[in-house]
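Asks: These protein sequence lines map, in sequence, to chains Z and P. Under this note's numbering, the first residue of the first sequence is numbered -11, with each subsequent residue one higher. Under this note's numbering, the first residue of the second sequence is numbered -11, with each subsequent residue one higher.
Everything labelled a hint here was simulated from the structure, so no lab data went into it. Cβ atoms here follow ideal geometry from the backbone N, Cα and C, with glycine treated the same way. Just so you know, nobody snuck in bad clues.
Which bits of chain P does chain Z cover? Going by a derived footprint, with three or more residues having C-beta under 8 Å, they are:
no.	region
1	56 to 64
2	72 to 81
3	159 to 169
2 protein chains.
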Amino acid sequence: MMRKAYQEELASIGDRLVEMANLVGSAIGRATTALLDTDLELAESVIAADAKVDDLQRDLENQAIAVLARQQPVATDLRIVVTSLRMSADLERCGDLAEHVAKLARMRYPEQAIPRDLRRTILEMGQLAQRLMAQAAEVVLTQDIDAALQVEKDDDRMDELHRMIFQHLMDDRWQHGVETAVDVTLVGRYYERFADHAVSVARRVVYLVTGERVDELITDRPA
Amino acid sequence: MMRKAYQEELASIGDRLVEMANLVGSAIGRATTALLDTDLELAESVIAADAKVDDLQRDLENQAIAVLARQQPVATDLRIVVTSLRMSADLERCGDLAEHVAKLARMRYPEQAIPRDLRRTILEMGQLAQRLMAQAAEVVLTQDIDAALQVEKDDDRMDELHRMIFQHLMDDRWQHGVETAVDVTLVGRYYERFADHAVSVARRVVYLVTGERVDELITDRPA
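Modelling step: build the complete structure from the supplied sequences, incorporating the hints.
Replies: Written out as structure tokens, the structure is:
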């Protein structure tokens, strides 16, 4: 009976993590749309919705502490609870980053923050960020190691896009002025950090399941 | 006996947190010097030293998990351990941010990354970041609530400096080109984030000790 209640509590923590991942994945997608379409209403809704993510994180933290106190898990179960706390911190931060993108859209409204020649790159970053988070959520749900390694691999594209933005900024033909350069620098960093946190969530699952860090796994495997 | 071993383990976790805070406080100070003096050797040493911070964080996490498993703390003691995990994540991130500053110094070497008219502001940001971290370490050690609220207050100056940088960047008279604007944007953000994490460490102590969030405390108090 104790055991069953405990498994239910663990499952409920997992559900909350997946719910957080879904929320922040949706938030980064909508923030990107708000930014590229100069949609003030959408930007405001993303900003307002972040409170829900913060609430979920607080709930999850309290729930994890309650599980630790009541069930006093050891070994793997204990690591699951502790790791969940770390993952919820990653996801909470992703919510903040989506909010930052939306706030930039709001700050520049009704102007376009992103110049025409970078819109495609920013769109791809936004979509990729959303996709990486959906993959991370799936990894939390399924504990599928190959899917987790795929998140890692797909994040390489984010780094590539981030480098492309910098090349563009450093190009002598940059004509959009310093204000836009600052905006693009920050927004590029928001997407890159968002993706890093999605990768981090997937990595933590790998470590939980295999006890090995991702670098070790990748080195061990045939290419 | 059990109780004594437990108190010792908690104290040792606290010592590790303070050690981490000291390391990252020193790192941000040295990274700032490396950046402003274009000192490549110093930059390299900051970059190399971050591995030590990462190791400490891993040790602290393992130690916290061991305490949870062996001692199965409840109530306040449990919150102390869980909060320590969160604080160690804040501090680990601060180490990364100091490393980012050092990497910028290295990337631009032997050029100056920071233009003359912003050096004073960046120096103040670096010194303030180091000071805020020293204060946060002291708060961890002493659990002094007033000192924690002071960290919060002193961080206002960081926000002010960060705004000054943006005003400078947006000024039509900016003559340092886009590359420098991008560097200054990122480095400004690194310091601001570093300070946020120092504030976060202090806030977590306040919450542990009083059970109240800082906002509530500040609202309750006479100005």
